[in-house]
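Participant: One-letter residues, chain by chain:
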Amino acid sequence: MSSAAVRVTDTSPRGKMIAGTLVIAYALLTMIPLVWIVATSFKSPPDSISYPPKVLFEPTLEGYVNLFTTRSRQTPEYIDSLGPPATWYDSLVRERNMVITGESRFAGRYMNSVIIGFGSTFLAVFLGTLAAYAFSRFRIPLRDDLLFFILSTRMMPPVAVAIPIYLMYRGLGLSDTHLGMILLYTAVNLSLSVWLLKGFVDEIPREYEEAAVVDGYTRFQAFIKVVLPQMRAGIAATAIFCLIFSWNEYAFALLLTSGTAQTAPPFIPIIIGEGGLDWPAVAAGTTLFLVPVVVFTVLLRRQLLRGITFGAVRR
Amino acid sequence: MTDHADIRYTAAPGEAATPHEATAPGRPRRAVRGLPDRWLATLFVTPSIALLLAINIFPLIWTVYLSFTNFRANQPGRPVEWIGTRNYERLLGSEDIWGYLQATAHFVVWTMLIQVAIGLGLAMLINRDFKGASFWTTIILIPMMLSPAVVGTFWTYLYQPQTGIFSAIVDLFTGLGPIDMIGSVSLAPWAIIIVDTWMWTPYIMLLCLAGLRSIPDYLYEAAEVDRAGPFQTFWHITLPRILPFLMLAVLFRGIENFKMFDMVVELTSGGPGSTTELASINLKREAFEKWRTGYASAFAVILFVTVFGLGNIYVKALNRVKS
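In order, the protein sequence lines correspond to chains A and B. Sequential numbering of the first sequence, starting at 1, is according to the working numbering. Sequential numbering of the second sequence, starting at 1001, is according to the working numbering.
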């Protein structure tokens, strides 16, 4: 536990002030890249590639419009012949002598990330809860070896595992399918989910279940009605960790999906505009992709330490 | 916990078929209604283990098999020949592999050194509990939760020599003019180290902070009584206490960086030339661009064994700091 510290060595107000200043300076420095990307998403394409880089600029939603649409270049005469633009984004695009020809693939890729993220999170937490309870409460032969085995699956280099999985999925018809990716991410997340949830179950006193069992509950009922409700916070934290992992995963998505089940991370780099990368559109995609993670990180801040050490370090 | 031991396994081996025995007089174990615990345990653990066997262990065995063949995944019709250890011989005999491993080692060693220095420093500063410390800590933690591939992508923009903010800021302080971090052979290895440091220093910092907070105040008080200077206090009290946490952080991040793929692929894709072609990136080239599946599998097996060995040490460290 962190004590609000009356540490003999470092209590001087001046020391605190210096420490605070340095930490805040680091925090601000570390935020520059993120702030810059969010700002870029509101720049016009010319502003995004100006030299020197523009700190002050006129915000526009062009990047977001470009992110969600496909466009084609037209002659001004043709555009004039179309009549007045129907929407604000039509007029925005026409200023660049282009017309919107359809929807881009970004929304679909984003939805894939959501579906695969939530699907694999649900499965990993469901299976992980059962296994964690069993590992915490029952005498299981080779328990420590099994737990080590489960954790070691996390260590495997994704690119190395991808070779046989690619072949296996090709044989089973799971290549580029949502189900295939959900199963894969579930397997990768299981290690974290089992270890983290086991830590949470370990913290629940056994007496509660014992009392329930004495009252005539079966062990299973005691698990459902007594243990599960107390695991709620732990399950929520674990779920967020799994969700963030699936959301961020790139190597498997790159090597095993190409269209139907492709998630956002391999897609964002290939949002190409005319003549090279359309930076505001890439930045817009990045912003929309990163915002949920930042929100979840803030929600999760007290559990982060636990999450990154597989439940070994609590506070 | 010993007093709960009796309820942990009402159905010891052999008893499940005759549950009434469990309640026989003289037996210390209490009967529980419903499924015997042993069955419940099997039922709860099996699905997870089965999934891991199917998606991790089966492919692993397959990889080992493929590593002894000349299989090429893009030519499924071609007969597969068993070629013994030839892939391994070719792999270990090739000059290039050592180059990739060297690039990887350079990346791992420097990221760890820099991140430990900054992370430990930050943790000691945050541990002074200045006003607003927890708010700023949360801010600092954000980069490590982001998608490495997406981070790599947007850093290519920040690194643009003319239009990028990184070059502009460096120029502002040094007057060096535009610098091409990604395009230059000498700077590219540092470009990936900087991004990794930006992203993962918080990880080391967070574990150091946990270590610092585990040090009881009386140790510092004792040091004060003994008139120990700040350096002595750090060397004899702080460092030994946080060392297990630091070990844990370095091992985990070291393993992760040893197999680094996503961030670097998007940032430099191994270039220029092969200056930032780390082991995993080369593996992907061999397996999914050149389609030398057998050869790539042999490389994969070597990486597995290394990571597995390091992982073993990591788990030992993990059990040591368990609170």
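Simulated from the structure, these hints should not be mistaken for laboratory data. Warning: the hint list may mix true and false statements.
Claimed, not checked - Calculated cross-link-like contacts (lysine to aspartate or glutamate; reagent style EDC-like; alpha-carbon spacing at most 20 Å):
hint, chain 1, residue 1, chain 2, residue 2
1, A, K225, A, E207
2, B, K1322, A, D144
3, A, K54, B, D1180
4, A, K16, B, D1129
5, B, K1316, A, D144
6, A, K16, B, E1089
7, A, K54, A, E207
8, B, K1290, B, E1095
9, B, K1322, A, D202
10, B, K1290, B, E1081
11, A, K16, B, D1217
12, A, K54, B, D1171
13, B, K1290, B, E1089
14, B, K1290, B, D1096
15, B, K1316, A, D145
16, A, K16, B, E1224
17, A, K225, A, D215
18, A, K54, A, E77
19, A, K225, A, E203
20, B, K1322, A, D215
21, B, K1316, B, E1221
22, B, K1322, A, D278
23, A, K225, A, E210
Said to hold, decoys possible - Derived list of chain A stretches under chain B, where covered just means 3 residues or more per stretch with a C-beta under 8 Å from a C-beta of chain B:
hint, stretch
24, 23-35
25, 62-70
26, 88-99
27, 119-131
Said to hold, decoys possible - For the chain B half of the interface with chain A, some residues (derived, Cβ under 7 Å), not all of them:
hint, residue
28, L1040
29, I1126
30, I1142
31, Y1157
32, L1158
33, G1311
34, I1313
35, V1315
36, K1316
Note that beta-carbon positions come from the ideal geometry of N, C-alpha and C, so glycine has one too.
Participant: Does each hint fit the structure? Answer for all of them.
Facilitator: Each hint tested on the structure:
1. For the proposed pair A/K225 and A/E207, the alpha carbon gap of about 14 Å is at most 20 Å, so the pair holds.
2. Between B/K1322 and A/D144, the direct Cα distance comes to roughly 14 Å. Compliance with the 20 Å bound is thereby established for this hinted pair.
3. Taking the CA atoms of A/K54 and B/D1180, the gap is near 19 Å; set against the 20 Å cutoff, the hint holds.
4. Between A/K16 and B/D1129, the direct Cα distance comes to roughly 7 Å. Compliance with the 20 Å bound is thereby established for this hinted pair.
5. Our distance criterion of 20 Å between C-alpha atoms is met by B/K1316 and A/D144, whose separation comes to about 12 Å.
6. Proposed proximity of A/K16 and B/E1089 is contradicted: the alpha carbons are some 59 Å apart, above 20 Å.
7. For the proposed pair A/K54 and A/E207, the alpha carbon gap of about 63 Å is over 20 Å, so the pair is violated.
8. At most 20 Å may separate the alpha-carbon atoms for a hinted pair to count; B/K1290 and B/E1095 meet this at roughly 18 Å.
9. Distance check on the hinted pair: B/K1322 and A/D202 sit about 12 Å apart at the alpha-carbon level, within 20 Å; holds.
10. Simply put, B/K1290 and B/E1081 have alpha-carbon atoms about 18 Å apart, close enough for the 20 Å limit, and the pair holds.
11. Only pairs whose Cα atoms come within 20 Å are accepted, and A/K16 paired with B/D1217 is accepted, the gap being roughly 17 Å.
12. Between A/K54 and B/D1171, the direct Cα distance comes to roughly 15 Å. Compliance with the 20 Å bound is thereby established for this hinted pair.
13. This hinted pair checks out: B/K1290 and B/E1089 have alpha carbons roughly 19 Å apart, not beyond 20 Å.
14. Taken as a hint, the B/K1290 and B/D1096 pair is honoured in the structure, with Cα atoms around 15 Å apart against an allowance of 20 Å.
15. Distance restraint check for B/K1316 and A/D145: the Cα-Cα separation of roughly 12 Å lies within the 20 Å cut-off, and the hinted pair is therefore satisfied.
16. Distance check on the hinted pair: A/K16 and B/E1224 sit about 19 Å apart at the alpha-carbon level, within 20 Å; holds.
17. In summary, the hint linking A/K225 to A/D215 is supported, as the alpha carbons are separated by about 13 Å, within the 20 Å threshold.
18. With a CA separation close to 33 Å, the supplied pair A/K54 and A/E77 exceeds the 20 Å bound.
19. For a cut-off of 20 Å, the pair hint linking A/K225 to A/E203 stands: about 17 Å separates their Cα positions.
20. With a CA separation close to 34 Å, the supplied pair B/K1322 and A/D215 exceeds the 20 Å bound.
21. Restraint check for B/K1316 and B/E1221: not satisfied, since their Cα atoms lie roughly 32 Å apart, outside the 20 Å limit.
22. Annotation: proposed proximity of B/K1322 to A/D278 is violated, straight-line Cα distance about 48 Å (limit 20 Å).
23. Between A/K225 and A/E210 the alpha-carbon distance is near 12 Å, which keeps this suggested pair within the 20 Å criterion.
24. Closer than 8 Å: that is the beta-carbon criterion, and the stretch 23-35 of chain A has 9 residues meeting it against chain B, so the requirement of 3 holds.
25. Counting residues of the stretch 62-70 of chain A whose C-beta sits closer than 8 Å to any C-beta of chain B gives 0, which falls short of three, so the coverage hint is violated.
26. A count of 0 residues in the stretch 88-99 of chain A with a Cβ less than 8 Å from any Cβ of chain B is obtained; the coverage claim is therefore unmet, three being the minimum.
27. With 4 residues having a beta carbon nearer than 8 Å to a beta carbon of chain B, the stretch 119-131 of chain A meets the requirement of three or more and the stated coverage holds.
28. For B/L1040, the interface hint holds, since its Cβ comes within 7 Å of a Cβ in chain A; the closest pair sits about 6 Å apart.
29. A distance limit of 7 Å between C-beta atoms decides the matter here; for B/I1126 the minimum to chain A is near 6 Å, and the interface restraint holds.
30. The closest approach between the C-beta of B/I1142 and any C-beta of chain A is roughly 6 Å, which is under the 7 Å cut-off, so the hint is satisfied.
31. With its C-beta approaching chain A no nearer than about 6 Å, B/Y1157 sits inside the 7 Å limit, and its interface hint holds.
32. For B/L1158, the interface hint holds, the least distance from its beta-carbon to any beta-carbon of chain A being 6 Å, beneath 7 Å.
33. Checking B/G1311 against chain A by beta carbon gives a least distance of about 4 Å; that is within 7 Å, so the hint holds.
34. Taking 7 Å as the C-beta contact cut-off toward chain A, the hint placing B/I1313 at the interface is violated, the least distance being around 11 Å.
35. The interface hint given for B/V1315 is met, as the beta carbon of that residue sits about 6 Å from the closest beta carbon of chain A, less than 7 Å.
36. Using the Cβ-Cβ criterion of 7 Å, the hint placing B/K1316 at the interface with chain A is not satisfied: the shortest such distance is roughly 10 Å.
Hints 6, 7, 18, 20, 21, 22, 25, 26, 34 and 36, counting from the list given before, are not met by this structure.
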